[in-house]
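Protein chains in written order, with the working numbering: chain A, 1 to 294; chain B, 1001 to 1823.
Hints listed in this document are in silico derivations from the structure and should not be mistaken for laboratory results. Do not rely on the hints blindly, as some may be mistaken.
If you want a taste of the chain B side facing chain A, the calculated C-beta under 7 Å gives, among others [said to hold, decoys possible]:
id	residue
1	LEU1595
2	ALA1599
3	ASP1663
4	THR1801
Built from N, CA and C at the ideal position, the CB exists for glycine as well.
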Amino acid sequence: MADRSSYGERADIAYHETFLLHGRLRWMKVAIILNVAAIATFWWANAPAGFRLQHSGGTPLGYTLGTIGALIMVWLTMIGIRKRAMTSGHWSLKAWVSAHVYLGLSLIVLVTLHTGFNFGWNIHTLAYALMWAVIVSGIVGVFGYVYLPVRLSDVRGDMTKRQMLEIIRSLDGRISDAAQPLDRSQAAAVQLSLDKTILVGGLFQRLTGLYFGCGNRRAIRRLRRMRRKASDAQGAVLDRIAGMLARKQEMLKKVRRYVRVRTYLEAWLYVHVPMTFALLAALTAHIVSVFFFL
Amino acid sequence: MVGGAFRVTDKVQIAILGSGPAGLSAAAHAAKLGISHVLLEKTDHVSDTIFRYQRGKYIMATPNQLVLRSDCPFVASKREALLSTWNDLIKSLKINVRLRAEASKISGSKGDFVVSLANGETVLAEHLILAIGTQSNPNLLRCPGANLPHVQYQLDDPGAYIDERIFVIGAGDAGIENALGLVEDPGQNNFVTMVNRSEDFARAKEANVRVLMQANEAGRIAILVNASPTLIEPGWITVETSEGSQRFQCDRVIARLGSLPPRKFVESIGVRFTNDSPTAYPQLSSSFETSVPGLYVIGALAGYPLIKHCSNQGYDAVEYIHGNLTLKPADEPILERKFSALPGRRTVAEWLDYFRSNVEILNGLSPLQMREFMIDCEVHAYRAGATIFKRNAIGSSLFGLAGGSVLVETDPKKPSVTVGIGEGSIFGEVGLISGRRRGSTVRAATDCIVVEVERMSALKLMATVPEARNTINRINIERQILQIFGSGLSANDIAEVLTDAQLKEVKAGEAVIREGEEGRDIYVVRYGSMIVEKEIAGKRVFLSYIPAGSYFGEMALVDGGKRIATVSAAIKSEIVRLNGDAFLRLLGRNDRLRLRLEAEMASRRKVNRFIEQQKKKFGGVVDMYSAVAEFLVAQGIGEATDVLLIDELLCIGCDNCERACADIHDGLSRLDREAGKTYAHLHVPTSCRHCEHPYCMTDCPPNAIHRGEDGEVNIDEKCIGCGNCLRYCPYGVIRMDSVPPEKPSLLMWLLFGSGPGPGEPDKKWRMKHAREGVDAPKVAVKCDMCAGKNGGPACVRACPTGAALRVSPESFLSVALLERGRE
């Protein structure tokens, strides 16, 4: 029979760590040690010569830094597989993310030293620039991961996205039922909400939160104008519909805000990932060209 | 009539009543042996219970280890396939079946039984086999129009009705389940009205009522209470309610008014039952013979609801009647294997008798019950000194000591301090009652032979044999108290305290003691858990959580004065109240106990003081802490043993937890991250809490739900897909689904985009890639805590930010929560 020791991993609610603090900053420490060691060696190797840094990448130190940097880059890419491959074993994606962040940041120092501050309009500097693009987008992502979750939580409350959409759908049904007694122009106004509502829109709308021309808005405005001219009996129907349209607008706001935060949380990846592949391609070209043409 | 010619005057050797799996198997064997027989079935088709199953229902062949010994073939298959196999069998074996032959009276004795049929005919038989099951005759509606064609007393396929206004009469489980089935798919667009004769739904399972109320709130089912139908016309129904008579449009009436239990009928023949409990079975010999010689009872009526058992018993009963008295039951090899590990060469029958007579709680079982009971039990022989189980191990089985004696280590620090338990007694019952880990290590004092009773069998035993229940409760309370207070107490020391100990059930939220109240009694939590709260500066503040197996109320007793805090039940719990004065006298006699109690009180006071100080300094933080604790208890964390929480200060909503769960479990996720309640950014997703007393285990026909080695509540492959667990689970964490087809590998997806990618494949992909001709039955699926998988729960491992955590209530319903409030 099993003892308590064979129990799965338990976290204490108060003391669980985020990916940034994982293992008491284990990977931050590793990254710092790596960087300090690289800077010290670089200093030791170049100080006697007065820092004449021609073809720094070609020196033994340069090769070493380059090899470490390239290996780290390849390993960093592996997170894409790690997070999708549910193999057994005592690994934690959080630990991987932690290492990914800190080792990724350490490349700024390692690779910059590897360049020996030689830049030009060539494949080598292109790879270096792409690396910066990946790192900067990654930093944006880290900020997002730190500051956005609380907003995501606040926006949705106890509601799931599916529930929000379900409420909008059922409001649509009720709006359609309620609109039966209306005349043609009034019905056309209500129809705007049913047909022309932009639910969450495309990338631009998601990022900006601007939903010009959304059918529901237009329907609300039009009904408001029509209300003034309507008879008492019609007025009562229009008021009821206006109430439902307003509720639909509230729910639209909620689901859009939710989708917007989700989009922010993912948008950086649309830079980070393609840039990573571009970097890997440039890196390969860089390595090949160094060995064949120098 | 099917098969051979039949004349009323003919006397058959065997008349079989009921053509279900048991009766049919008996008839098949009689036909095979060439014994004159008749199979009487009251409806116009054989095997009515299975006939009435939902169309296309997949029928499982459990228990797996039991071999089928019958001329009536049976493998797991769909309802239609099974029924057609059996109909073919009736023709090929020339079984003498009489349909629409309902027995109304049975008289006579062995060799001369007279079965009077409802249609006035009689059947004469030498022997009778009663295989009428427990379903019996449905009660009928008694208002005008009750015989119209749109009035029905059963519902075969809830999916078969579309766009109908349906009235379901009768608010028992059957009625509620039918009503829910009819509205389950909104696409069917049915509108169901439930007609309940009384105010509440007292007859139905809590779980069913809860779902019904939800459906009512959602506007899918209307409910009429204090109502009964007075007139049924084509297209209309008139219902009398407390507000007068109302006439409704109605396309269909489904009446589920219960049925007359067959016990009365069976008793009228002279058959004796084991006791007066409504769950009692007829008294049977080991050859299924009742107290009326020549009359045999098999199948569900004998207490065996599974098809395989029924089929075997049909065969066996005919063999016995045929004179084969040495026939061993079909489960004989299973028991033989079981007992083969024990020392001393006894036959199966001798072993059964040995355990039955030696273990006190088994004394009340009949030989047949004993046989059935032992199939689900394990037997062990231990050498002197061997450890039987360790303190803190997971286990909810009960041990009966048939031979030898064991020692219980009462003090975890000193293994040498032990209490002995002698032959005939039980141990391990603390885990059974409280649902918690083992409280102490037990080892064999001498060589011993024990029977290990699995939780469900133990609970069944307690429910059906009152003597067993009383004995277990008595021993349990005594042991639990000895264990909680420790300090070298012996049963003699606490005898006085126990004399007027009271067992009390407390509802969730009910206060046991109130702050400021007078009171000297001390309480022990038997199962469930309590929360301690105190009023500070006009607000209720959560102080601590008391799990089962702890005590409370000692402060007012020892210090004198009033209760200093309110203790109320977090969930439905059972407590033992001990007389304060008797306990004080015990403290006076036992210094160690007094010191121990004082030490515990000091640490409890320290926690209380700390929280009170914090409250003065950081009022808001403590209020938040109390509120979070209350929220978690309301979410059922009070009865959880291990639960997944999402810290929404960290969760990025990537749903990698869900995908990981699906990928590690055959492609079905057992968790819905986004659903569930959130408070102060702490989210309780829809995922199993692994309750101390799992609701899902309440009524699992094949007994497929178990608590595993790591404390996980797990559903094994015996699941027949009945959906009971899903209905019982108050947290909605169980789903019914079939295993999706296998996906192409991750690499294929990454490189070529083949397959649906990580996570649960969508319905479309599953439909498209389902393997043809392979039935994928829907079974219950829930979190198994990734038991047996190296690395632990996948949801936690796959969380990129550390938002997903698995916790147990003792560890986090504590001051540690205060730290969170301060963040």
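Evaluated hints:
Restraint check, LEU1595/B versus chain A: the minimum CB separation of about 27 Å is more than 7 Å; hint violated. The interface hint given for ALA1599/B is violated, since its Cβ lies 23 Å from the closest Cβ of chain A, which is over the 7 Å cut-off. Here the hint on ASP1663/B is kept, as its CB sits about 4 Å from the closest CB of chain A, short of 7 Å. Checking THR1801/B against chain A by beta carbon gives a least distance of about 5 Å; that is within 7 Å, so the hint holds.
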